[in-house]
Amino acid sequence: GAVVSQHPSWVICKSGTSVKIECRSLDFQATTMFWYRQFPKQSLMLMATSNEGSKATYEQGVEKDKFLINHASLTLSTLTVTSAHPEDSSFYICSASRGSGGNSYNEQFFGPGTRLTVL
Amino acid sequence: GDSVTQMEGPVTLSEEAFLTINCTYTATGYPSLFWYVQYPGEGLQLLLKATKADDKGSNKGFEATYRKETTSFHLEKGSVQVSDSAVYFCALSVRSNYQLIWGAGTKLIIKP
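Going down the list, the protein sequences come from chains A and B. The first sequence: position 30 = 32 (my numbering), numbered continuously. The second sequence: position 105 = 107 (my numbering), numbered continuously.
One chain only, chain A, in its complex shape:
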């Protein structure tokens, strides 16, 4: 149980185009989903946190107009990289949690990641 999928697993696009990445929780309802970005040999950087049905909360320095996040259902969140440029090339990882708030930690379940290359 607690499987999270991402689609596509890799994508190559031209500069200026938009790319959508899907994150799905396959066997549980994800109240909260997270989007991370990982650079080579670096740690995961949290981009934004989204709760189902509400606007995403973006981390400082992340452009909300460039990285559009939608969490329209309890099993699906999407990240759209708009007008992509080569510097957006990276590994994007999503995670999902059953938790909805409070002070206790709820485990995050991670997708396998999406490799984006912008030419």
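Read the hints as simulated data drawn from the structure, not as lab findings. Be aware that one or more of the hints could be misleading.
Said to hold, decoys possible - With the Cβ distance kept under 7 Å, some of the chain B side facing chain A (calculated, not the full set): (1) Y41; (2) G45; (3) L48; (4) A55; (5) D57; (6) V96; (7) Q101; (8) A106.
Claimed, not checked - Away from chain A, derived, C-beta distances all over 12 Å, residues of chain B: (9) L21; (10) F64; (11) S74.
Note that the structure is a prediction, hence the values are computed from the model and not measured. Cβ atoms here follow ideal geometry from the backbone N, Cα and C, with glycine treated the same way.
Assemble the complex: chain A is given as a structure, and chain B must be docked to it using the hints.
This is chain B only, laid out in the frame that chain A set:
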């Protein structure tokens, strides 16, 4: 700010060797500490966790003890196997909305 530092890899060991991957942290308050593992081609998985000082997390033969005095959470295993080859991430959480702060990851290579 809060941060996690873990030893750089890759770490290459022979099968049945003893493993230690160092992890130290800086945090305000009282963080929870985690080790995640990423096997080739798979998503990150929680390996073990500890939520307060002196707690020991353990799973699949791996152990890590939450040491507040040294702000450390080193990962250990007495006898590694080829199947343990993966990237290991140390992380902490101090915020109530489950956000994790990550180390850079350590790639572990076990040779038969």
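Exercise for the section: Answer holds if the nearest beta-carbon of chain A is closer than 7 Å to that of Q101(B); otherwise answer violated. Expected result: holds, 6 Å
Handout entry: V96(B) as an interface hint toward chain A, with CB separation required under 7 Å
Key = With Cβ-Cβ at 10 Å, over 7 Å, it is violated.
Problem - Closest C-beta approach of D57(B) to chain A relative to 7 Å, hint status - result: The hint is violated - D57(B) has no Cβ within 7 Å of chain A, the shortest such distance being about 13 Å.
Practice task
Answer holds if the nearest beta-carbon of chain A is closer than 7 Å to that of Y41(B); otherwise answer violated.
Solution key: violated, 10 Å
Problem - Agreement of hint A106(B) with chain A interface, Cβ distance less than 7 Å - result: holds, 5 Å
Practice task
Verify that the Cβ of L21(B) lies farther than 12 Å from every Cβ atom of chain A, and report whether the claim holds or is violated.
Solution key: Answer for L21(B): holds, closest chain A Cβ roughly 20 Å.
Handout entry: S74(B) remote from chain A - nearest C-beta pair above 12 Å
Key = Since the minimum Cβ distance to chain A is about 17 Å, S74(B) lies beyond 12 Å and the statement holds.
Problem - Interface restraint verdict for A55(B) against chain A (beta-carbon cut-off 7 Å) - result: violated, 16 Å
Exercise for the section: With a cut-off of 7 Å on the beta carbons, see whether G45(B) makes it to chain A. Expected result: Given a least distance of 4 Å, the restraint on G45(B) holds.
Problem - Check on F64(B) being off the interface with chain A, judged by Cβ distance over 12 Å - result: Check passes; 17 Å lies beyond 12 Å.
Handout entry: chain A contact restraint on L48(B) - CB to CB distance below 7 Å
Key = With a minimum Cβ separation of about 6 Å from chain A (threshold 7 Å), the hint on L48(B) holds.
Hints 1, 4, 5 and 6, counting from the list given before, are not met by this structure.
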